[in-house]
Amino acid sequence: MASRFTKPSVNKNEYTHPPVMSPASFFNNIVPRSSHATPPPPYSDHILSIPAADAMYSSATARQEAVHRRRPMKWLATDDDGLPHDKFYKAEHQRLQAKQQSRNRDWRISMALFVWALFIRFWHIWEPASVVFDEVHFGGFASKYIRTRFFMDVHPPLAKMLIALVAKLAGFDGHFNFKDIGDDYIEPGVPYITMRSFCALNGALVVPLAYWTIRGCGHSVSAAIVAALMVCYDNGLIANNRLILLDPPLLFFTAATTLAWVNFQNQDQKPFRFWWWTWLMTTGLGLGFTLSCKWVGLFIIATVGVSTIHGLWVLLGDPYVTWHRFSRHFAARALCLIVMPLTVYALMFAIHFHCLPNSGEGDGFMSAEFQQTLAGHSMKDTPIDIAYGSKVYIRHIATRGGYLHSHPHNYPWGSKQQQVTLYPHQDSNNWWTLYKDNTEKVDEIEYIRHGDIVRLKHDDTGKRLHTHNHRPPMSELDYHSEVSAYGFPDFEGDANDLWRVEIMDHDKHDPVSKDRLRTLHSKFRLVHMNEGCVLFSHNVKLPDWGYGQQEVTCMRNSKPPKTMWYVESTTHELLPPNAEKVNYRKPGFWAKFKELNAVMWDTNQGLTQSHPYDSRPQDWPFLRRGISFWGKDFRHVYLLGNPFVYWSTTLAIIFYFATKLALLFVDKRGYKTDFRGELK
Amino acid sequence: MADSSLRQRRQPLDTKENAQQPAFSRNDIKKITQLQKQHELNEKNGHTILFLAITALSTFVSFFKIWYPAEVVFDEVHFGKFLGYYLRRTYFFDVHPPLGKLLLAAVGYLIGYDGHYEFNDIGESYEANHVPYVALRTFPAALNVLSVSLVYSIMKQSGYAKSICFLTAALVCFDNALVAQNRLIMLDSVMIFFILITVYSYIRFRKLRYQEFSTSWWLWLFATGAGLGCTLSIKMVGLFVVTAIGISVLVDLWALLDIQRGLTMNHFTRHFYARAVALIVVPAMIYLTCFYIHFAILIESGPGDSFMSSQFKDTLKNSATRMKALDIHYYDNITLSHRDTDVYLHSHSLVYPLRYEDGRISSNGKQVVGIEEPDINSWWQVLPATENEKADDDWASRTIRHDDVIRLKHIGTDWILLTHDVASPILSTNEEFTTVAPGERFNETLFKVVLEDPNNMNTWQTGMTAFKLFHMDTKVALWTHEQHLPEWGLGLQDVNGNKNLNERSNFWVAQEIQGKNATEINLSVKQTVKTMPFLRKYLELQGRIFSHNAGLTKPHPYQSAPISWPVMLRGISYWSKDETREQIYMTGNVVGWYLGLASVAIYSGVFLADLISRHRGIEPIDGPVRQRFVNNGGFFFMLYLLHYLPFFVMGRVLFLHHYLPAAVCSYMLLGAVLQFMFVDGITSPISNLQRNASAKIHRHTSVLDPMTAAPDRTSKIMLAIVLSCQVAMFLFLAPMTYGSPSMTVDQVLQHKIFSGWDLQFAK
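Chains Z and P, in that order, are what the protein sequence lines are.
Quick note, the working numbering runs 17 ahead of the 1-based positions in the first sequence.
Quick note, the working numbering runs 312 ahead of the 1-based positions in the second sequence.
Just chain Z, same shape as in the assembly (with noise of 0.2 Å):
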């Protein structure tokens, strides 16, 4: 719709001499001309842009910056041009006094409903004193960054690493680990007070940043009063706020992150100077805390981003700012908006990998080559040449089920031959040696070739990796095939233990593992001969029968990467010790930060189990439901927000964009009304 005002009708004349930047010109260029002069107002939206505050100065703003590259002090007074700059002056000093007296005012109030706020949650603070509700997680990330044992959570780490230094700093030692609702903190001694406090005072601090924003809005000093009680009395914020939970930092960074960025848009007539570069930058900084305190940042990020897009459009569509300034101005958000928030998201990233040294309940998580970057986890070397006769531990890529894995016990149905499963833990079950498919017997060096064909016999049984047409226990469907070990001593195994090896990647700074087995480097798969399928594994878990293994199977018209695998460490008796060696080769900071962020996006879409608790969206904002939060002897924490919020929150809601659609009809039809607010 914008294309209505694509074409300002501005005096040619006028485009082509910008106003000339002098003192004595000053005066000729405020003096307001005739109103067919001034381009027309740029499409604004009083949800995010802020109306300038004199509507003088408000139609041309590059003339604006010409009015405050100079300071009207230090020239009016050898101004010589005749004009009544005494009237100028007192109208200009009695405006900045009242601006200076507003703030004050301002100061004041809002340190009032802080201190109000304050006592409103710290009320009882101590109370319950055993763990509630989520502090069974957040507290327990606290103690695990204590003990610096890596893990695995879904959400980014600056939250949970402020929580867990104020709990450092109080003093917490870690032994306590928050393991179920109700657990008691007064006997482990825990300083559960000063975590909760942390969280309370940024808890709080959200009311008067409530205050400073609307008023930024430029709406009254009553509305601004009503919104910032209203964030002050929500019980739900209450209860929330006042425990140790990730929301208390993420709402104090949203809600510090929107300030700045409504302080920014109000130094629009000001660009690139102190104030505009300071709340522009404290809005990137805000957007980086934001993001990496929860995912959800990315709200307050798409909500600047969408805002940003609209001021750099309105931008382009004025004719005073040429393509120089216009990519000075898309420069400078780029870098305060993409790449500030992204390096501070890192940075935290950074820290926590920095904070987390050591082999912990997370590694499973992750791929073999970033725990090897854990103390407590590190392999030996390990030779690099297949042969047959190798014994060798076989790792699955695509899942982190761990090694190929079986054991003495058999299937409840299908064949009821022995188990094959993933498992993720190092265990001499995993052994497995190649041979030929016609002997055991090994004189001689002879290494494993790309199409080469072999059979693998599982150490401790002596039975051999087997498969056939059964289906698999778990995956019943016509493509999968049932896999096993089988055979007894003095069994020559059967034809249906023969498996192609197919190399189909490999390390690209070693080429010979692109036709040889190689340890580490050959990614292959296992193609069977008889059925023509692929050993795969996916994640499903057997069930107790299997002690909850993953489940290994044969796939007919499979895929890479769940059927690739690749030896992770071997041994051989006839080769020499001084052997060619290898190991993982451990990643960077940015392969770990990559890695981790996978994980926690697939972790994050995998949480789709219901919770007795659990509510949907269109719920929320007429609170229908809450959270028991914690409960003992009739005494209840109980998660819900204060009705008259909740409900006159989003009555407002409608009533805003009901009013939108009213007034863009009686615009539309051109009724005349008194309404003094922004039609467009």
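Fair warning: there could be bad hints in the mix.
Pulled a few chain Z residues facing chain P out of the computed Cβ check, cut under 10 Å [to be verified]:
#1 Arg120
#2 Arg642
#3 Phe682
#4 Arg686
Derived DEER-like restraints, expressed as beta-carbon distance ranges [unchecked claim]:
#5 Z:Thr416 <-> P:Val965: 45 to 55 Å
#6 Z:Leu494 <-> P:Glu684: 13 to 23 Å
#7 P:Ser437 <-> Z:Asp636: 34 to 44 Å
#8 P:Asp704 <-> Z:Phe661: 47 to 57 Å
Derived by calculation from the structure, the hints in this document are not laboratory data.
Keep in mind the model is a prediction, meaning the values are calculated, not measured.
All C-beta atoms, glycine included, are put in the ideal place defined by N, C-alpha and C.
Use these hints to put chain P onto chain Z, whose structure you have.
Just chain P, lined up with the frame of chain Z:
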């Protein structure tokens, strides 16, 4: 966007000459009209020849060897089956609305097919089963031909050059995916046809905007509405074209509302109501009519019964569940099964361990669990809510109604079902169920029977009526979920009390009553088929369609992600025959689909560049060319996006053939982009500018200069190159489209253009 820019460069109202006089004087319009007529006459002959040529070509391409393969191919399994159900009048359930299947069934009816064949598996022979499949396939194939002709007409009506019209229609004609899909007994051909009918009608309607409320204006408006209704009645995908037309109409109305347009509010409301009736009421009526016919035809109980409510099943003849239904009286022994997980409520003398592994404590009472196979311990006796344990004749004669309070006694142990505020073994938030000795803790053993649909069936019956069991004391519902207890619970399913009373998974069904055989009893009573108001039947079915469609998430080996469709990373193997090594593998024409994708990119690029330069006060494109590019091209662009992007947020299983409507739209967009790139100028205006009396009130009209397209030699050569590439690729892929002739391994490998194409017989 599309419409407002049509009237861009509008002059301010207060300048005198503009207020009185539109940019075209009456003489001008006469002159233009004459020129238009002359031009039309010249064009007409050329268009007729090309139109006939493309129709003939398309007929040949669509009907070529339509009798082959004489076997069931891919989704013919479903639609052939449904067609049979219609002809046999047995009730079935499908996620698509009925019109497409009704049309197929109508064809079957007309050619005298009786619907005996079940279409069980891909590859079953038609000839052996005496199915008149060629006649059945003729219908979709014929609609495919008509679709190609419609694409030609749409481009012609949109005012593109003859060569562009022919090229676009030919690209559609020679698309392998459309040919492969549309000559089989499936719905896509029917749906694409109705989408195009809608688009065509709407374009005709838009062109008549200066003759508002004239007969032809009404005609095309209603044709659009009818097209929308029919498309929607074939597949829910019809909603996309409804959205597209809806957006265009809103933009149009918004422009009409503008005070500068000069319409009175009255006049505007007439416009509004005309569109509301034609584009909302008419489609809704058509949609409902289709369902009405659907219900009118399907009167026998059949495979679709199990999807419907008990009341619905009562309206069908010979309903099996109706036969099994029995009223439940007090002191009857019954079995209860959970509706979602199909396990029976069960108890035994094993107890919950006093302390669980995680340290929580249980009541140490007898376990209540879910078991898959009912046995002696799955029987429960329904007791009235009295402390008196003895059977009482007074109660025994009573049936149990909605909201009645009962107690359940476990027959095997003689103990009474109970729940209390103790955490259940698996979910600590839910309540534990156990049993107690008779006479103890009376208040905690009371449960309320809440029937699913008490307005219809107020009596608790076996088989038919799903119910929830609410605990009176603690307000939880009897519930179970697919989690099994550890060894102490014999691996049986966990049963507990759910605090969320409204969940759909709270429903249970009483299965049997001990000692009574329902079928015998009910056979002796004469069954009457009940009726149910049409709208309630419809609403129920519609609800099931939505929930079932969302639940279609079971993975399929040939499913694919929307992102891979336009680049055709993978096709679908529709059919193959081992003996002759022939196969049908559904993929689009690589040339056409990639060009279509390129046209989307070019269109967005040009549109954005134009937008930005106009924002800076530069107007790089000629007025009429820009107007057509933005309005008409934009319409095609929107159609394409609306038929493609929504799939990204759909949870259900998706297939390559869901992209076909979008592919047709991308061809039309490609036509528009090719015109923009290769043909100099555009024929404009194409709408009839002669206003009728009603339209005189409008203060504005297009103020663009008339212009004629001048296709030159270069443009024709470029278009010929595009077309010949498309035809060459079509012929190359044709063996996989028509399922013959057979190919050797080498040939198959040769045809494997992308590594993801999993062709049969590739080794």
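We went through each hint and held it up to the structure:
{"no.": "1", "hint": "Arg120", "verdict": "violated, 37 Å"}
{"no.": "2", "hint": "Arg642", "verdict": "holds, 8 Å"}
{"no.": "3", "hint": "Phe682", "verdict": "holds, 8 Å"}
{"no.": "4", "hint": "Arg686", "verdict": "holds, 5 Å"}
{"no.": "5", "hint": "Z:Thr416 <-> P:Val965: 45 to 55 Å", "verdict": "violated, 22 Å"}
{"no.": "6", "hint": "Z:Leu494 <-> P:Glu684: 13 to 23 Å", "verdict": "holds, 21 Å"}
{"no.": "7", "hint": "P:Ser437 <-> Z:Asp636: 34 to 44 Å", "verdict": "violated, 55 Å"}
{"no.": "8", "hint": "P:Asp704 <-> Z:Phe661: 47 to 57 Å", "verdict": "holds, 53 Å"}
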